[in-house]
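What follows is the residue order along each chain.
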Amino acid sequence: MVVQIPEMDFGWIVPEIAMTVFAAVALLLTLFRKKNSTWLFVEAMPLVGAIVALYFTFQTWNGNIDIFNNLYTIDNFGVFFKGLSLVILILVTLLSYRYIDREDMARGEYYSLLMFGTLGMMIMVSSNNFITIFIGLEVMSISIYILAGLMGGNAKSVEASLKYFLLGAFATAFLLYGIALIYGTTGMLDIREIAGYVNSGNFMVTPTFMAGLALLIVGFGFKTASVPFHMWTPDVYEGAPTSITAYMATGVKAAAFAAFLRVLFTAFHPFLSGWTYMLWILAVATMTLGNITALKQDDVKRMLAYSSIAHAGYILIALTVGDRTLSSTVLYYLLVYSFMTIGAFAVVIILGRQGSPNTGIESYAGLAGRHPVIAAVMAVFLFSMAGIPPLAGFMGKFYVLTDAIRGGYYWLAIIGVLNSVVAAYYYLRVVMYMYFKEPEAEIGAPDVSIGSTLAIAISVVVVFYLGIFPRLFLMIAHTSSAIFM
Amino acid sequence: MLPYLTMNPFGFPVLSTTIFMPLFGVLFILFMSNEKAIKVAAMITALLTLAVSAFLFVNFDPTTTIFQFGERISWVSSFNINYMLGIDGISIMLILLTTIISPIAVLSSWKAIQTRVKEFMISILIMETAMIGVFCSLDFILFYFFWEAMLIPMYLLIAIWGGPNKDYASLKFFIYTLFGSVFLLVAIIAIYLVNGTFSIPEAMFKDYTFQFQFWVFLAFGIAFAIKVPMFPFHTWLPAAHTEAPTVGSVFLASILLKMGTYGFMRFCLPIVPQASFYFAPLMIVLSIIGIIYGGFVCLSQTDMKKLVAYSSVAHMGFVILGIFTFSIYGFVGALFQMLNHGITTGGLFLLVGMVYERTHSRQIYDNAGLGKIMPIYMFFFGLFAVSSFAFPGTNSFVGELYVLIGAFAVNKTAGFFAVVGAVVAAAYMLKLLKQVAWGREDKRDIKDMNLREIIYMVPLAIFVLWVGLFPRPFVNVMEYTLVNLATQLDKVSH
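Heads up: the sequence lines are chains A and B, in that order. 202 is the number that the working numbering gives to position 202 of the first sequence; each next residue is one higher, with no gaps. Every position in the second sequence, counted from 1, becomes a number in the working numbering once 1000 is added.
In case anyone wonders, no lab produced these hints; they're calculated from the structure. Beta carbons are placed, not taken as given, at the ideal position from N, Cα and C, and that holds for glycine. Don't take every hint at face value.
[As the list claims (entries may be wrong)] A partial selection of chain A residues facing chain B, derived with a Cβ cut-off under 10 Å:
id : residue
1  : I135
2  : T402
3  : Y410
4  : L428
5  : F436
6  : L474
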C-alpha cells in the first residue's frame, strides 16, 4: 500500500515547522559564536520564530481540519492554546535576556530548548490522538527537564531538574499506562472514536477502562500540579531558573490543562458524572492546600509556586462542573493566569543579583520607597491574583464561580471564595512588605533591561485590559471551546 | 425604553461625569511633582465633582420613583452585563454626601499629610470615584467592581499613612471586608442565574422561592453586616479607625459604613423581601445590642478617637433598626441617620484629628480643658457632640426621632431599648464634652482653629443645624422613593 500524504497538509503545520526550524537554527548559530560576542542572532531566534509562528497560527483560525490521517487536528481550541503558548514564549524570552547572562547559562541551548518546549505544547494541544498528545507532552517535558537544571553549578537547580525528571518520568508512565489500558479495552487511540464508541450502546464499562481513565487523571494531575500530585512543584519551581519557573507555571500548565480538557470532555464526557466526586475532592484539595501552605512561605518564589497550585485548583472547579458549554471559563482563566504570573515572576527576576536571587520576602521590604514603579506593578499582579476588580484575576474568578453555581456546586463555590480570602492574605503580605516595612538590607539597583520592562509592561496592560474589557477574549475563548459542543 | 429607568436627558453623560471626574483629575496629578500644585489640583477636582453633583441634585425629579439620569451600554454581552447607571431618592443623598465630604477631606489633610502627598491625593480621588460608582450602579457586576475597588485605596490609606499598629489594622480591615464581599459575589451570581441578567432593578420584587431568598439574604447579610458594621462583626472598625489617618477615618465613617446600610436598603429589602421579614427579628435584636453595647463601650474609653469609633457602632445600629421596621418612618429615619452620621461623626473625627495635630495625643486627659484656650474649636466640638447624641435642634434628633417612631410602631420593647441606648449616648458624649471643655486648669500653648479649618467645618455645621431645624427639603427628595419601597414591601407581606 502506498501511503499518500496530500501536499496541502503541510500548509497547516507551518507554525510547528517554523518553531522547529528556528530552534534548530538557534542551536547551529551557537556553534559559530564566540564567547562574550555581542551578536544577538541567537537571542533573536525565539522572538522572530514566535512571531512568524503566531502569524501562521492565526491563519489557521477556523481551519477545522484533520490532517495526517487524523493524527493531527487543526481546530480553534488548538489555535487558542498555540497562540497562548507562543505569547508565553515571547514574554519568557523577553525576561530571559539579562537573566541568563547574569546566571551564566548556556544561551544557545537555553533558547532552542525553550522553542522545542513550545513546539511540544503546540503539538500536545492540537491533536485528538493519544499518541500525538503523548509525543507532544514528552517533547515539552524533556525540554523542561533540561531547562530546569541549566543553571550549572547551582545545586538547587540540579536538584530541581533531577526531581522533576524522576517524578515526571514516573507520571508519564502513569499516563502511558492509562492510554494502554484504554487502548486495550476499546482498541482505539483517537479520542473522538472512543467517544463515538462509548456512546454507541454496545460498550460495556469495564474496571480496566475505568482504571485507565484514573491513570490518565493522575498523569495530567501531575503536569498541572494538582494536589495530591503536586509534591514536586515547590522544590522544582524554587530551584529552577526563575524564567523557567515562569515558563513552567504558565506554558506547561496551560498546555497540560488544554490536553486534559480535550481528553476529558471529548472521550470521557459520559463518565464525567461518575468522576465528579473525585474531581471535586481534587479541586478542593488543590485550592486549599496550595493556599494554606502559601501562607507560611517566606520566599516569594516559593509562595508563587504554591499560589500557582491554588490557581490550578480554581481551574479544576470549572472542570468539575463538567459542563461542556462552559469550558471557555478554563481558557479564559488560563489566559488571565498566564499574564499575571509571568508579570510577577518578571519582578522576581529583576530584583535578583548574580549569586543572590533576593527572593526572600525581606528583600521586598521598603521596595515602594526605592523603586515605586516596580512595587506598583508587583502590587497590580498580586491584587489581580487575589481577584480584586478591576483586574483580570477577578474576571477569571467570577467566571469560575458562575460555572460552579450554575452547575449547582454551591459548596464548591463557597470553598472557592473562602480560599480566595485566604489567598488575599499572603498576596497582601508581600504588598505590605513593599510598602510599609523599612528595608533591612540594601539589595542594590534592580536589574532592569529593555526586555524585562517590555514583558512587564505587556503583562500590566493585559491584566487591566482583560479585567475591564473581557468581552473580546471571552468571545474568542467561547469560539475556541465550541469544539466540545 | 426600560420601565424602571429614564434615560439621561442631557447632552453629556452626567452620572458618568460625576463618577469619573475624580479619576480624570488623577490623570493630571500623575504628571505633577510639586506638592502644593498636587493639593490644589486635588481640591479643584473635588470641587468640580461637587459642582456636577450639585447640578445633578438641582435637576433631580423628586416626584418619581423611577431611576433617573440613566445610562446603559452593553459591556460583556455574553453574560448580559451592562454598564448601567441611574439614581433615585436614596442614592442622590448619598452621592451628595460623598461629594461634600471629599473636598473637606482634601482640605483637612492639607497640613496633616507630609509624606507621599501625591499618592495620598490619588488614593483619595480614586476612593471618591469608587464610592460614587457604588451609589450609581444599577448592574450587579458594575456595583461589585466599584465595591471592591474601594478596598485597595482604603487599605493603602490606613496602611501607609496610618498609626503605629497599622499593619494589623489594615490587614484586618482588608481580609474582613473581602470575606464579606465574596459572599456578596456568590449571591449576585445566584440571582443572575435565576434572572438571566445582572440588572439590579429587574431583580427587585420577583417571586423567588423562600429557600432561595433565605440563602441570598444570608450571603448579602454577611457582606453588608461586616461593612456596617453590625455586632458581632464590628471588631475591625475600632482597629481601623484608631490606626487610620484622620481622612481615612472620615471616609470610613462618613461613606464606607453607609455602603452596608445602603446595601440592605437597595438589595435585601426589595430583592429578598420575604427573607428580610423572616430575619427582621434577628436584625433588630443585633441592632439593639449594637446600640447598647456600643454605648457602654464608649463610656469606658479614654481615647477620643476610639470613643467616636465605637459610637459609630451604636449609630449604625439605629440605621439598621430603622430599616428593619419596614415602615416609612423607619426608612426616612434610617436614611437621615445615614446622612447625619456621615456629617456628624465625620465632623467629630476631623475635630479629633485637629487636636491630635496640636497635642499629638488622642487621650482625653491630654486634651482636657481646651475650653478657655480654643474657644472656636470648642464651639464646633460642642455642636457636633450634642448632635451626636441627638439633641433637639440638631440633625440626629430628626433621624433618631423618625427611627424611634418607626420602632415603637412595630415593637415597643425594641423602641424601649433604643431609647436606653440614646440615653447612654448622651452620657458618654456629655462626659467627653465636659472633660474636653473644662477638665484641666493649666495654661498650655495651643493655637485655636485656623481659617482653613474653619472653612471646612462650617459647611458641616450648617448641615447639622439645617437638618435639625428644617428637614423638609431633604424629606422631599427622598420621600417618593421610600414611600414606594414601603408600599411595595407592604404588598409583598400580604
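Do the hints match the structure? See the list:
1. Interface restraint check: I135 (chain A) against chain B, minimum CB-CB distance 35 Å, threshold 10 Å, status violated.
2. The interface hint given for T402 (chain A) holds, since its Cβ lies 5 Å from the closest Cβ of chain B, which is under the 10 Å cut-off.
3. Because the smallest distance between the Cβ of Y410 (chain A) and any Cβ of chain B comes to about 8 Å, under 10 Å, the interface hint for this residue holds.
4. At its closest, the beta carbon of L428 (chain A) sits 6 Å from a beta carbon of chain B; the interface hint therefore holds under the 10 Å criterion.
5. Checking F436 (chain A) against chain B: minimum C-beta separation of about 6 Å stays under 10 Å; hint holds.
6. Here the hint on L474 (chain A) is kept, as its CB sits about 6 Å from the closest CB of chain B, short of 10 Å.
Hint 1 from the list above is the single one not met by this structure.
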